[in-house]
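**Q** Residue-level listing of the chains:
Number of protein chains: 2
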Amino acid sequence: MTTPTPRRSIWAWGNESDEPSHADRHAAAQRIAAQHRIDVTAAPLPTLASLQLRPSRVTVPAALADICHQDDYLRASRTFGRSFVDRIRAVNGDFSDPPDVVARPRDEDEVRAVLEWCSDAGHVVIPFGGGSSVVAGVNPPADAGSVVTLDLGEMNQVLQVDATSRAARIQAGAFGPDLETQLKPHDLTLRHFPQSFQHSTLGGWIATRSGGHYATNHTHIDEFVESLRMLTPAGVIESRRLPGSGAGPSPDRLAIGSEGMLGVITEAWMRVQPRPRFRASAGLTFPSWESAYKGILRVVQAKLWPANLRLLDPVEAKNAAGLDGAQSLMIVGFESGDAPVGPYMAQAIAIAREAGGSVDDDEILIDDGQGAPTGREGPVGAWRKSFLDGPGQGNLTMGLGLVADTFETAITWDRWPAFDAAVREAVGQALDATLQGWSLSCRFTHVYPDGPAPYYTFSGVGRQGAEIEQFFTIKQAAADAVIAAGGTITHHHAVGRQHRPWYDQQRPELFARALRAAKRELDPNGIMNPGVLIDP
Amino acid sequence: MTTPTPRRSIWAWGNESDEPSHADRHAAAQRIAAQHRIDVTAAPLPTLASLQLRPSRVTVPAALADICHQDDYLRASRTFGRSFVDRIRAVNGDFSDPPDVVARPRDEDEVRAVLEWCSDAGHVVIPFGGGSSVVAGVNPPADAGSVVTLDLGEMNQVLQVDATSRAARIQAGAFGPDLETQLKPHDLTLRHFPQSFQHSTLGGWIATRSGGHYATNHTHIDEFVESLRMLTPAGVIESRRLPGSGAGPSPDRLAIGSEGMLGVITEAWMRVQPRPRFRASAGLTFPSWESAYKGILRVVQAKLWPANLRLLDPVEAKNAAGLDGAQSLMIVGFESGDAPVGPYMAQAIAIAREAGGSVDDDEILIDDGQGAPTGREGPVGAWRKSFLDGPGQGNLTMGLGLVADTFETAITWDRWPAFDAAVREAVGQALDATLQGWSLSCRFTHVYPDGPAPYYTFSGVGRQGAEIEQFFTIKQAAADAVIAAGGTITHHHAVGRQHRPWYDQQRPELFARALRAAKRELDPNGIMNPGVLIDP
Numbered sequence: 007m008t009t010p011t012p013r014r015s016i017w018a019w020g021n022e023s024d025e026p027s028h029a030d031r032h033a034a035a036q037r038i039a040a041q042h043r044i045d046v047t048a049a050p051l052p053t054l055a056s057l058q059l060r061p062s063r064v065t066v067p068a069a070l071a072d073i074c075h076q077d078d079y080l081r082a083s084r085t086f087g088r089s090f091v092d093r094i095r096a097v098n099g100d101f102s103d104p105p106d107v108v109a110r111p112r113d114e115d116e117v118r119a120v121l122e123w124c125s126d127a128g129h130v131v132i133p134f135g136g137g138s139s140v141v142a143g144v145n146p147p148a149d150a151g152s153v154v155t156l157d158l159g160e161m162n163q164v165l166q167v168d169a170t171s172r173a174a175r176i177q178a179g180a181f182g183p184d185l186e187t188q189l190k191p192h193d194l195t196l197r198h199f200p201q202s203f204q205h206s207t208l209g210g211w212i213a214t215r216s217g218g219h220y221a222t223n224h225t226h227i228d229e230f231v232e233s234l235r236m237l238t239p240a241g242v243i244e245s246r247r248l249p250g251s252g253a254g255p256s257p258d259r260l261a262i263g264s265e266g267m268l269g270v271i272t273e274a275w276m277r278v279q280p281r282p283r284f285r286a287s288a289g290l291t292f293p294s295w296e297s298a299y300k301g302i303l304r305v306v307q308a309k310l311w312p313a314n315l316r317l318l319d320p321v322e323a324k325n326a327a328g329l330d331g332a333q334s335l336m337i338v339g340f341e342s343g344d345a346p347v348g349p350y351m352a353q354a355i356a357i358a359r360e361a362g363g364s365v366d367d368d369e370i371l372i373d374d375g376q377g378a379p380t381g382r383e384g385p386v387g388a389w390r391k392s393f394l395d396g397p398g399q400g401n402l403t404m405g406l407g408l409v410a411d412t413f414e415t416a417i418t419w420d421r422w423p424a425f426d427a428a429v430r431e432a433v434g435q436a437l438d439a440t441l442q443g444w445s446l447s448c449r450f451t452h453v454y455p456d457g458p459a460p461y462y463t464f465s466g467v468g469r470q471g472a473e474i475e476q477f478f479t480i481k482q483a484a485a486d487a488v489i490a491a492g493g494t495i496t497h498h499h500a501v502g503r504q505h506r507p508w509y510d511q512q513r514p515e516l517f518a519r520a521l522r523a524a525k526r527e528l529d530p531n532g533i534m535n536p537g538v539l540i541d542p
Numbered sequence: 007m008t009t010p011t012p013r014r015s016i017w018a019w020g021n022e023s024d025e026p027s028h029a030d031r032h033a034a035a036q037r038i039a040a041q042h043r044i045d046v047t048a049a050p051l052p053t054l055a056s057l058q059l060r061p062s063r064v065t066v067p068a069a070l071a072d073i074c075h076q077d078d079y080l081r082a083s084r085t086f087g088r089s090f091v092d093r094i095r096a097v098n099g100d101f102s103d104p105p106d107v108v109a110r111p112r113d114e115d116e117v118r119a120v121l122e123w124c125s126d127a128g129h130v131v132i133p134f135g136g137g138s139s140v141v142a143g144v145n146p147p148a149d150a151g152s153v154v155t156l157d158l159g160e161m162n163q164v165l166q167v168d169a170t171s172r173a174a175r176i177q178a179g180a181f182g183p184d185l186e187t188q189l190k191p192h193d194l195t196l197r198h199f200p201q202s203f204q205h206s207t208l209g210g211w212i213a214t215r216s217g218g219h220y221a222t223n224h225t226h227i228d229e230f231v232e233s234l235r236m237l238t239p240a241g242v243i244e245s246r247r248l249p250g251s252g253a254g255p256s257p258d259r260l261a262i263g264s265e266g267m268l269g270v271i272t273e274a275w276m277r278v279q280p281r282p283r284f285r286a287s288a289g290l291t292f293p294s295w296e297s298a299y300k301g302i303l304r305v306v307q308a309k310l311w312p313a314n315l316r317l318l319d320p321v322e323a324k325n326a327a328g329l330d331g332a333q334s335l336m337i338v339g340f341e342s343g344d345a346p347v348g349p350y351m352a353q354a355i356a357i358a359r360e361a362g363g364s365v366d367d368d369e370i371l372i373d374d375g376q377g378a379p380t381g382r383e384g385p386v387g388a389w390r391k392s393f394l395d396g397p398g399q400g401n402l403t404m405g406l407g408l409v410a411d412t413f414e415t416a417i418t419w420d421r422w423p424a425f426d427a428a429v430r431e432a433v434g435q436a437l438d439a440t441l442q443g444w445s446l447s448c449r450f451t452h453v454y455p456d457g458p459a460p461y462y463t464f465s466g467v468g469r470q471g472a473e474i475e476q477f478f479t480i481k482q483a484a485a486d487a488v489i490a491a492g493g494t495i496t497h498h499h500a501v502g503r504q505h506r507p508w509y510d511q512q513r514p515e516l517f518a519r520a521l522r523a524a525k526r527e528l529d530p531n532g533i534m535n536p537g538v539l540i541d542p
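Which chain is which? The protein sequence lines are E and L, in order.
According to the working numbering, the residues represented by the first sequence are 7 to 542, in order.
According to the working numbering, the residues represented by the second sequence are 7 to 542, in order.
Just chain E, same shape as in the assembly (with noise of 0.2 Å):
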């Protein structure tokens, strides 16, 4: 066994660690409260002893014991994922619909054992992953009669290493660092890092179709995944471990991005790499939004497959990397364990500046394999400290009358201003209608030839104990919008219950019955996660 992940926080988005003090909080809202004149006060932080959780519903049976448990820690802890409706009501207490059981086998016989038991006795069960998700798809669904939450965080390993393929057979359970930990020795690397890395699973990933680090060409964790296994109540699927193949529509593809409806990832074997040995990396400034995101379409349309292709709009670039509030930051990065990357790096800087990108010559920095510093400093530095702390900010003022959320979608470049037009137009209103002093801005990233995909971010100033009314109405402008200009409702934060009735709006209808019927061969008695997705 590896070291034990650190305790999840019953609130906070990370670990234990990451809590900030009731002090620290207070000075929060003493501060939020003098600033935006506004009443705030930092209510006390939930405890196991306050939340006075639901008692069980469940009486586990004796074979199971050693695994499935119901002590208040594990059953608190699981009952959230982070969205912003979650992170206010867990930090304000509300606990209310705690799963019974959280169960954490230990090995696949386990997890069999779990879902036999729960499928005939018609218990809930819900994968959790790291339980990260953002858009409650780990959520005990309040008219569930009982609920097992089944985490793998006990099935951690990296099981094989095909260094020959370079191909690594990892257990679904393992957290982004455990299982980079695992594979360094080998010199090799998922490299696969969501916002969400340090707590967030492979089994996760998949199941959610993840966004990674490389922002260009294999952008989800689809197209890492070589083969897996999926456990139903029906029994397991298992595809075969192939580079590539034409048989038919591919198995894993109904896997990914199942959500936990049909089953539980166990492992996966994954495509790794070799450690980067050469890197480039450079931010250009474009004077305008408009200027950037055109000059970022010639860069990616170029399929120099940058692995970081990223675009700060006005608002972002100042904010992240401190430009002048006109100015749009694009950030463009190589990396490669077997060939130098600086002709790559020079195609693309010369792309972007022909495209009206700036960047001195000596801010363009390459590693030859020698370890020179890249992308750690100026403002492509500033951005990456401040893409990997963002997530946890919120812990200090979650429930202190701030409203502040992300969303993110995939359009193609012709619908592009004015998709974004429209989008802004909507969510702007909806955020005058509900809150203060807001902001509105855009990211882009990840691109593709035919489209970027864009990544909005709104705060503001709203009302404490009105938070979760007032960001449902920003939630639906923003989703109705994106809906309505022709984007999808989630490019990789899935689906979860939040996103489901733009979901409905975006899929056919036709595949919705087609993914019911498959539902209902795998997991006969609906048990699987209900209300992802689909209805039964």
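Misleading hints may appear alongside valid ones.
Same chains, same names: a pair is fine if it fits in one copy or spans any two.
Below are the BS3-like pairs computed for lysine-lysine, each with C-alpha atoms no more than 27 Å apart in a straight line [claimed, not checked]:
1. K300 <-> K190
2. K309 <-> K190
3. K324 <-> K300
These are computed hints drawn from the structure, not numbers from a lab.
Using the hints, position chain L against chain E.
**A** Just chain L now, kept in the frame of chain E:
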């Protein structure tokens, strides 16, 4: 309307203009008889008059009379795909299972009307594509009561071009050359070149997960589908046009590879390319097969993403490019419409040379936008001609006692050497038992960082009249070995009916149940191409 496609031959690979004469075949028979000392005669070629097709068992409704054809030519020319068995049966005039009707709808409303009629009346519907299936994917099953073959040849238009996003909306019935002709005025190209390019359609490529030009990175047509429309007996599935999405399992991936068993793809938004301006091409010799596949592994794992990266074993390198019979040939090519590719070629050459590959500097052909020749000279050019001419070569000798076919697969690198040995051993034994003067060779048509897609070719002298039986002895041995050694039964030829026994072993049984359940929703009366992929 564009120029009508030339008339498909009822028996030969290609069109009527590709048919050799009886005199040509008679001369070929005499050469074969003399060279191999066997008895062989060229029977008269099949003609519509000689076939005596079974009368149609279907009465076409008056409303569909314009598009539902029952004449002998259309029925005979849509009786077969182009597998070895099909070609033997066709040249021998064994047309015992023709479709009863060939429907050629001109728009989606007419497709819908045909599906509704057939679903109500219980007629089997077989989407025909270009009819180039080599796996019995388009053959009317012998036990079907009545069969309507659906030919989308009249729906062959590029409907919309989005030059900004580099995407085009194309009707599924467009053949390769036809869609390229329509894209050319926009300076765009799909550049999907399966070996059947001239005789296959976009819809067929998508329904069978065709493998194309891009020998690395985006290998299958799957990656070029931005969205699609599929008509099923239960209605239409249309996916949203998006550059990427993480919203649940991909609806497109259910249709891609469904081989007509769920519905018929009517159109798709495809990701297209600018026509290449920058190119580079080279052929490297390696002293042996083993050194060559070890070399190509290193090239592909560097992720330089060449558009062409193929490997010919010593037999193929000798036959196609005149090498010495011990050497292998690696073909590597880069192309781009946006940026010079010289730097990538330099890196690929350096890696390949370090791995033991040889090429003179002046045989590395680079076109930096001036139109210098690349890829049509020397050994690479010889290979290219052989590739394009390949499938048609059998027209002269089919049914004259020779037995020849190809089979293709994919396997991870760690298992590859043992896989190759096992396949050659098993197939060699079967060839020994059935054919005289046989040969067996292999090339990699596509390569992945985690494994190659090997493509084997066998041929030899069998017994006229027994070719089909002899073929199946060899096919059985080959497919058994491929599956036992861990490969896929097909990398890009599809499953159809011919690969069913091995596909059934390869794909997870629960996935088949899910697929069957999906089919019941989309095709409740089970009319769509029964027998491919699954049994009802």
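**Q** Indicate, hint by hint, whether the structure satisfies it.
**A** Taking the hints in turn, this is what the structure says about them:
1. K300 <-> K190: Intra 39 Å, inter 24 Å, cutoff 27 Å: inter-copy only.
2. K309 <-> K190: Between copies, since 20 Å is at most 27 Å while 29 Å is not.
3. K324 <-> K300: within (20 Å within a copy, 49 Å between copies)
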